[in-house]
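Asker: Below, each chain spelled out in residue letters.
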Amino acid sequence: MKKIVLMGNPNVGKSVVFSRLTGANVITSNYPGTTVDFSKGKMCLGKEGHEIIDAPGTYSLEPSNKAEEVALDMFGQADLVIDVADATNLERNLYLTLQLLEQKKPVILALNMWDEARHTGIGIDLRKLENELHIPVVPTVALSGEGFSDLVHRLDEARSPVEIEPMTESERWIKIGEIIGNVQQVTHRHHTLWDWISEASIRPLTGVPIALGAIFAALWLVIFIGETLITYIFDPLFVLYTPIVMAISTWLGRGLLHALLIGQLIDGQIDYIQSMGLLTTGIYVPFAMVLPYIIAFYSVLAVFEDTGYLPRLATLSDTLFHRFGMHGFGIIPVFLGFGCNVPGVLAARSLETKKQRFIAATLIAISVPCMAKNAMVFGILGSFGLVYVILVFTTLFLVFVSSGLILNRLIKGDSPEICLEIPPYRKPDPLTVLKKTWMRIRWFLKEAIPFVFFGVLIINLLYAVGFVDWLGGIFAPVIQGWFGLPQEATTALLIGFLRKDLAVGMLLPLAMSPLQLVIATTLLTIYFPCVGTFAVMFRELGIRDMIKATAFMACTAFLVGGAMRLVLLGI
Amino acid sequence: MEQPLTSLETGTLAVISRLEGGHRFQNKMRVLGIREQKTIRLVAKHPFDGPVVVDVEGREMTIGRRMAGHIITAVPE
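The listed protein sequences derive, respectively, from chains A and X. As numbered in my numbering, residues 1 to 571 make up the first sequence, in order. As numbered in my numbering, residues 1 to 77 make up the second sequence, in order.
Just so you know, these hints were derived from the structure itself, not from any lab. Yeah, the Cβ is synthetic: ideal placement off N, Cα and C, and Gly gets one too. Each hint can be trusted.
Some chain X residues well away from chain A (every beta-carbon gap over 10 Å; in silico): (1) S7; (2) L13; (3) V15; (4) A74; (5) P76.
So the derived label-pair ranges between C-beta atoms look like this: (6) X:R24 with A:I474: 46 to 56 Å; (7) A:K128 with X:R18: 29 to 39 Å; (8) X:T12 with A:P209: 18 to 28 Å; (9) A:S149 with X:M1: 49 to 59 Å.
The whole structure should be built from the sequences, with the hints applied where relevant.
Answerer: Rendered as C-alpha cells:
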C-alpha cells in the first residue's frame, strides 16, 4: 500500500483536502497550527488502496516547533507527496515545493484556494508552472471539492523531476523569482471593507475594544444557547424519562441493583444530581447538564476559528502573554482548553520552546476549567446567584495570572517572540461548522460517558466499603481545618480525577454554604488535572515535567484554598 | 535612508533592504514572505514593546519587536 503524505505551508487547507480524499473527518479551521499531529486515512484508487496522511503545516524542511517536526517525520515515510499550496500566496509556498522536489520523492502540486486567487485578481498560468516545476499542477478548491477528480486522476503522474537539483537557500529564491515572473500575473486590487475591518481588529486602539466585545458576545452566546437547549429540549426530555426510571425503581425494589442503577431516592423521588445511580445521575449529568453547554461552546468556537479571528486575538494578547513566559499564540491553547483541557494541552505543540509548552500546559491544567465542569458550576452554583459563579472565575483568573508570572521566573529556558501569519477573514461555511461541532460532540460523548458511568460506579463502591469515611478522616485536617469544607468533600476531589463535572455534582448533597461551594469548585479546577488531561500532559511533557507541574498544582491549591477560607469564610 | 522597521511610523510603506540576525531567523522571515526588495507596510505597533503587524503583498503578519528590529527598510523618496 502506497503512503501518500499531504505537505504544505500552515493554513493552506491540507486538512480539508484530507477530508475530501479520505472521507474521514478531521478538525479544520482558519488559523495556522490547527493540525499539530498527523491523521491517517484510506483512499481507494482503482483496485489499489492508498494510505493518506495529513501532516501539520510547515514553511520549510527545517522545523521550528514540535508540530513541524511531526511534518518532517511524515515526509520521511512518504512514497508520494501531494504538495498543497495556497494559490493566493504562490511565491512563498514555492519555497517548500522546491525543497520537496529536491528530496527526490514523487510530488504532485495542488493549488488550493483557486477561487480566492481568482477573486483577488491573481492569475497563474498552470501550463507554464507545470513546465517550470516538471510536475503535474492541479487547481483545487478543497471547501467545494472543485478539482478533486482531476487531482485523484493525475496522482500517478506525480514525479520527482531530475531537472531540479539540490540548491542553496539563495539559489532557491532566485529560482522562485524566475518562476513567479513567468507564471503569475497580479491585477491591482482596491481595499475592501474586509481589509478595513481586518486592520481595525489588529490595531491596539480599536482592536482591544473589539476583542473585549467579541469575547463578551461569545460568552453570552454560549450561556444563551446552553440555557435554551436545557429549558426547551433536554429538561422536557427528562420529564418524559422520569416515569420510566420511577417504574424501573419500583420494579427493582430495594437492593444492590437498585442502589447501583437508581441510587438513593430523596423524599421518595429521584433527584437527578444527588441520587448517584447509573440510570439517574449517570445519564442526567452528561446529557442534561453538560451536553447542552458542550454543543453551545463548540458551535461558537467553530465560528470563531473559521472566521480567522483567533490569530488577531493572539496578536492583541502577545504583550500580556509574554509576562507569562509565552507569546500571544498561547491564547489559542487556552481558548481550546475551555472546551476540554486535552486538545488545549495538545495545541501547545505549536509553541516553539519547552518552556513555553510547559507553562501553557500547566496554566491550562491549573486554571482553565473545561466546559463540562463549567456547565455544572453554572447549573449548581448559578442557582444560588450569579455572584458566586463570578467569584469562581475571578479567582481562577487571578490564579492564571499569578501562576503565569511565577512560572515565567521559575522555569528556565527561552521564550521566543511571536511570529504568526494572519489569515484573511473568511465567512465560516455552515456545513463545516456543523460537521466540526458534531465531531467534537461525538468525541465528548465517547470520552465522557464511560468515565461518568465508571465514576458513578466507583462512588457507590467506595461508599459501600466505607472507604469514604476512612479517607475523609485522613484528609480532615486539610479539607476541614485548612479549606473550611466538610470532610466528605474529599470524595469529590477524589472523583474529580475521573470526571470534574461529576465531582461538582457530588458537592451538592453535602449541604454546604454557597461560599463553601465556591471554594470547593475552585479547588476542583486547581488541585489536579482529570485523568485525560493527566495522560496527555504526561505524553507531551514527559514524566519529570509532569511531576513538576503536579507539584506546582498541589502547592497552589493549598495556598489558594487557605486564602479563600480566610477571605470568604473569615475563619 | 535605511532604518529598522520598528522606527517607521504606522501606515508607512517601505522597501525591505536587508535582514540582520542569525541565518535561521533570516530564513524564517523569507519563507514568511518578508524578503529583500519586497514592499512592506507597517500596519500597527503594539504598545509596551509589543509586536508589530506588517502587510507584505496583501498578507498580514505579526512579528515580535526584536525580530522587527532586524528588518532594515528604506522609505522611497
